[in-house]
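Student: Listed here are the chains, written in short residue letters.
Protein chains: 2
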Amino acid sequence: MQSPRIMLPWEDMPRRWYNVKADVPDLATPVLHPGTLQPVKPDDLIPLFPMEVIGQEVSQERWIDIPSEVQEVLSLWRPTPLHRARALEKALGTPARIYYKNESQSPPGSHKPNTAVAQAYYNKHEGVKRIATETGAGQWGSALSFACAQFGIECMVYMVRVSFDQKPYRKSMMQTWGGNVTASPSELTEAGRKALAADPDCPGSLGLAISEAVEDALTREDTKYSLGSVLNHVILHQTVVGQETKKQLAMAGERPDVLIGCVGGGSNFGGLVTPFIPDKLERPELRIIAVEPESCPTITRGRYTFDYGDTAKMAPVVKMHTLGHTFMPPRIHAGGLRYHGMAPLISALVEKNLIEATARHQIACFDAAVQFARTEGILVAPETSHAVRVAIDEALRCKQTGEPKVIVFNLSGHGHVDMAAYDAYFSGKLVDYTYPEESIREAMRSLPPVAP
Amino acid sequence: MQSPRIMLPWEDMPRRWYNVKADVPDLATPVLHPGTLQPVKPDDLIPLFPMEVIGQEVSQERWIDIPSEVQEVLSLWRPTPLHRARALEKALGTPARIYYKNESQSPPGSHKPNTAVAQAYYNKHEGVKRIATETGAGQWGSALSFACAQFGIECMVYMVRVSFDQKPYRKSMMQTWGGNVTASPSELTEAGRKALAADPDCPGSLGLAISEAVEDALTREDTKYSLGSVLNHVILHQTVVGQETKKQLAMAGERPDVLIGCVGGGSNFGGLVTPFIPDKLERPELRIIAVEPESCPTITRGRYTFDYGDTAKMAPVVKMHTLGHTFMPPRIHAGGLRYHGMAPLISALVEKNLIEATARHQIACFDAAVQFARTEGILVAPETSHAVRVAIDEALRCKQTGEPKVIVFNLSGHGHVDMAAYDAYFSGKLVDYTYPEESIREAMRSLPPVAP
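Protein chains in written order, with numbering that gives the first Met the number 0: chain U, 0 to 451; chain P, 0 to 451.
By construction, these hints were calculated from the structure, which means they are not laboratory data.
Quick reminder that beta carbons are idealized off the backbone N, C-alpha and C, glycines included.
Check the hints yourself; a few may be wrong.
Calculated lysine-lysine pairs in the DSS-like style (CA-CA distance at most 30 Å, straight line) [stated by the list, open to error]:
| hint | chain 1 | residue 1 | chain 2 | residue 2 |
| --- | --- | --- | --- | --- |
| 1 | U | K89 | P | K123 |
| 2 | U | K89 | P | K128 |
| 3 | U | K312 | U | K245 |
| 4 | U | K246 | U | K40 |
| 5 | U | K128 | U | K40 |
| 6 | U | K312 | U | K20 |
| 7 | P | K40 | P | K128 |
| 8 | U | K89 | U | K20 |
| 9 | P | K89 | U | K123 |
| 10 | P | K245 | P | K398 |
| 11 | P | K89 | U | K128 |
| 12 | P | K351 | P | K20 |
| 13 | P | K398 | P | K246 |
| 14 | U | K246 | P | K246 |
| 15 | P | K128 | P | K245 |
| 16 | P | K398 | U | K123 |
| 17 | U | K428 | U | K404 |
| 18 | U | K245 | U | K89 |
| 19 | P | K123 | U | K398 |
| 20 | U | K312 | U | K89 |
| 21 | P | K246 | P | K20 |
Residues of chain P clear of chain U, computed beta-carbon distances all greater than 10 Å [said to hold, decoys possible]:
| hint | residue |
| --- | --- |
| 22 | P3 |
| 23 | L47 |
| 24 | E56 |
| 25 | M172 |
| 26 | D256 |
| 27 | E350 |
| 28 | D422 |
Please construct the entire structure, taking both the sequences and the accompanying hints into account.
Tutor: What follows is the structure in structure tokens.
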């Protein structure tokens, strides 16, 4: 008998973040001001972010030290285990060896606090009293509320209404950690009031919630803004995931053949895979797969071009795969994957053929999540179920070919507060949705007039 | 900097269960047949439990081997970490060193699968196809559903109605693991139908749900019964908790001064503390504290005598601290602590002055839970909040006396599906309840005619 968990000693927890821009040329693309459409200077970002974070956003350094205060909080749950999914392998009858990195055991239940803690720390360090943010499924808002409590900062969360209604327990979680939560669109901001005037039943979107949080930060002296995905510094902070995974695979004597993560904004995926990009450069047969929902197919059906980060055109314009910032995804249960764009860093890696993308329907993802729960035990978040689906698909392909591949995926979060989605699945209420080509073309008309 | 988590290597996971009856004389008290009130023989229990479990129930052996199939499933999450609560200590300004054993990271979210896995295994091993059980807060039903999925057995769960209504997500969890769940009282059993006839709005109780599950098992050939607490074999299976804790404290160079656990039926508490009873015998100043809710004060206000294990008088009569089997506790949020009785083993240890008991009101417990969440990060179950409350109380007492005591408590489960209770706390809807002396006296009239 062997332990199904590969535990990394605390002494081997990463002390530095890894910056993939140092190893792949031309990953940095210009960031444009949403008003002028001219390149922003670091100074333009000062009302939104602490200086250290702005520096990390544009840094080309390969390694950036993790402050000891951040390491101390991360140590509450890190290093996280890497599990060998023996029970799942047996149920599938596959020769593949499946591993998953378990990010669900952080207090907020996902990978999100890896960056929330860092961002809360830098804000605290620079004297900020209050942070405003948006949240989709609630994972990010929970993570930032938790992180702010650790450093004694106020936290204001704009939560996409469809998730706010579907996941009342997420709100209570954020409150328990001391966060203030409102449904977005809200009456608290100009952007919110405008959306409500146009449609009082507006389900909201991540893009719109970002607009509200950015407006909140720009209109208050004591407040800065924090983003839980998309930006370079967020992916940087998430690289503890991939660095640990590399060490744990080495401990198990394994070399990965396939790396898998779900993508909404790209942070859990980027955190797992960017530390493996140097391996990919040496060994092109290593496959790195981003999984997105069919109902929000940013990479697989979007365009690689400049677009606004948010609906109200207040966030910077960046080069990324996008469905258009006016794109309003349907109310699928994986709220964290309902974003019209993609991290510019991930988009650039796709364009360089270092990363591939695939899309899955939600019912097939819940099929996979239930099979996973009945074998490995863990109830995954609807977002994570997309990674589980593709891991199982790849393992089943190995069953056909007889190849004993090493498949690794990021178990980015648990689904304990997403059980209403499982309930909808069991009672046959889930619907698969493919966005009509025409609707995507329509949303593309909203792109800013910048050459791609 | 040091890690706040003391991780036990997998190789040091306990391979045997510890039986405290081998070290303290006269802990075993007679078990009586509910019909005849005469001592039951092991044979009488055959319709309810597998032979191995019956053997463990009456065993006097100090150590009992854990089957490798059980160890394999436990390894999905064991050994669990022991945390040093530095952030909480700092917030309290106490010289005490506070440790907590984190049983919340099992797939079902509590200590319960430690015995569920063992029980499911023994049933499978003896050819049983289906297991019936009851659940209060839902932790036990989740644990048994998870365990049954691991061994391919059907699981039928009678869930106390008040919790069924308060915690719909628990039901979805059990379904995801493949369990069948019904609210108790139900129309499926004679005991349930009788209770509904008397009161269609009956909130149910653990005692009544036990009656339903026992009746189910007794009336079906393919089905046996499983209990998540109270009995000797359940506490036996939980001793992996205390054994690991002992090793982890030794790794940290610590000797405990105070051990704390919440008590409903007594299983998480018994699992943590019975392996320390030999230490208590050598070192009487070691304090071992059971915490119960003021609204169901079994040890602190009940009587030590023979009583039925369930409301409908179908379960065996045992000697324990009891409020009377007709006692119907109010609808407090710690559903897992709403039981009229106490594990006979724990009761006997109380009578021998090896264990002390104390009671707390629920609002004070949620105060403690919120302070814990904002320092240590983890959202504890309402049951667990009772242990947190007393750990904080003891640490604050150390602050007054200046004593650097070592306080250890069992973090028996997370509260991710109990957020409605936190919500009630924040919105001021929680009420503290002290049971009137007269109501307890009234329930005592239902005791069976057996000399104590």
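Student: Next, verify each hint and record whether it holds.
Tutor: Checked hints:
This hinted pair checks out: U:K89 and P:K123 have alpha carbons roughly 19 Å apart, not beyond 30 Å. Using a Cα cut-off of 30 Å, the hinted pair U:K89 and P:K128 holds, with the two alpha carbons roughly 21 Å apart. Distance hint between U:K312 and U:K245 is unfulfilled; the C-alpha atoms sit about 39 Å from each other, more than 30 Å. For the suggested pair U:K246 and U:K40, the alpha carbons sit about 37 Å apart, so the restraint of at most 30 Å is broken.
Under the criterion of a C-alpha separation no larger than 30 Å, the hint pairing U:K128 with U:K40 is consistent with the structure, at around 24 Å. Between U:K312 and U:K20, the direct Cα distance comes to roughly 27 Å. Compliance with the 30 Å bound is thereby established for this hinted pair. Between P:K40 and P:K128, the direct Cα distance comes to roughly 24 Å. Compliance with the 30 Å bound is thereby established for this hinted pair. Proximity of U:K89 to U:K20 is assessed by CA-CA distance (about 39 Å); at most 30 Å being required, the pair is judged violated.
Note on P:K89 and U:K123: the hinted pairing holds, with a Cα-Cα distance of about 18 Å set against a maximum of 30 Å. Taken as a hint, the P:K245 and P:K398 pair is honoured in the structure, with Cα atoms around 25 Å apart against an allowance of 30 Å. Taking the CA atoms of P:K89 and U:K128, the gap is near 21 Å; set against the 30 Å cutoff, the hint holds. Taken as a hint, the P:K351 and P:K20 pair is honoured in the structure, with Cα atoms around 13 Å apart against an allowance of 30 Å.
Taken as a hint, the P:K398 and P:K246 pair is honoured in the structure, with Cα atoms around 27 Å apart against an allowance of 30 Å. At most 30 Å may separate the alpha-carbon atoms for a hinted pair to count; U:K246 and P:K246 meet this at roughly 27 Å. For the hint linking P:K128 to P:K245, the alpha-carbon distance of about 37 Å lies beyond 30 Å, and the restraint is violated. As the CA atoms of P:K398 and U:K123 are separated by approximately 29 Å, the hinted pair is consistent with the 30 Å bound.
For the hint linking U:K428 to U:K404, the alpha-carbon distance of about 36 Å lies beyond 30 Å, and the restraint is violated. Note on U:K245 and U:K89: the hinted pairing holds, with a Cα-Cα distance of about 24 Å set against a maximum of 30 Å. Only pairs whose Cα atoms come within 30 Å are accepted, and P:K123 paired with U:K398 is accepted, the gap being roughly 29 Å. A threshold of 30 Å between alpha carbons decides the hint, and for U:K312 with U:K89 the separation of about 50 Å lies outside it, so the pair is violated.
A hinted pair counts as satisfied when its Cα atoms are at most 30 Å apart, and P:K246 with P:K20 qualifies at roughly 21 Å. The beta carbon of P:P3 is not kept farther than 10 Å from every beta carbon of chain U, the shortest such distance being approximately 6 Å. With a least beta-carbon separation of about 26 Å from chain U, P:L47 lies farther than 10 Å from that chain, consistent with its non-interface assignment. Non-interface call for P:E56 relative to chain U: holds, since the shortest CB-CB distance, roughly 27 Å, exceeds 10 Å.
A cut-off of 10 Å between C-beta atoms contradicts the statement that P:M172 is not in contact with chain U; the least separation is 6 Å. For P:D256, the condition that its CB be more than 10 Å from all CB atoms of chain U holds, with the nearest at approximately 24 Å. No beta-carbon of chain U is positioned within 10 Å of the beta-carbon of P:E350; the least distance is around 38 Å. The Cβ of P:D422 sits about 4 Å from the closest Cβ of chain U, inside the 10 Å cut-off, so the non-interface label is violated.
The structure does not agree with the numbered hints 3, 4, 8, 15, 17, 20, 22, 25, 28 stated previously, though it agrees with the rest.
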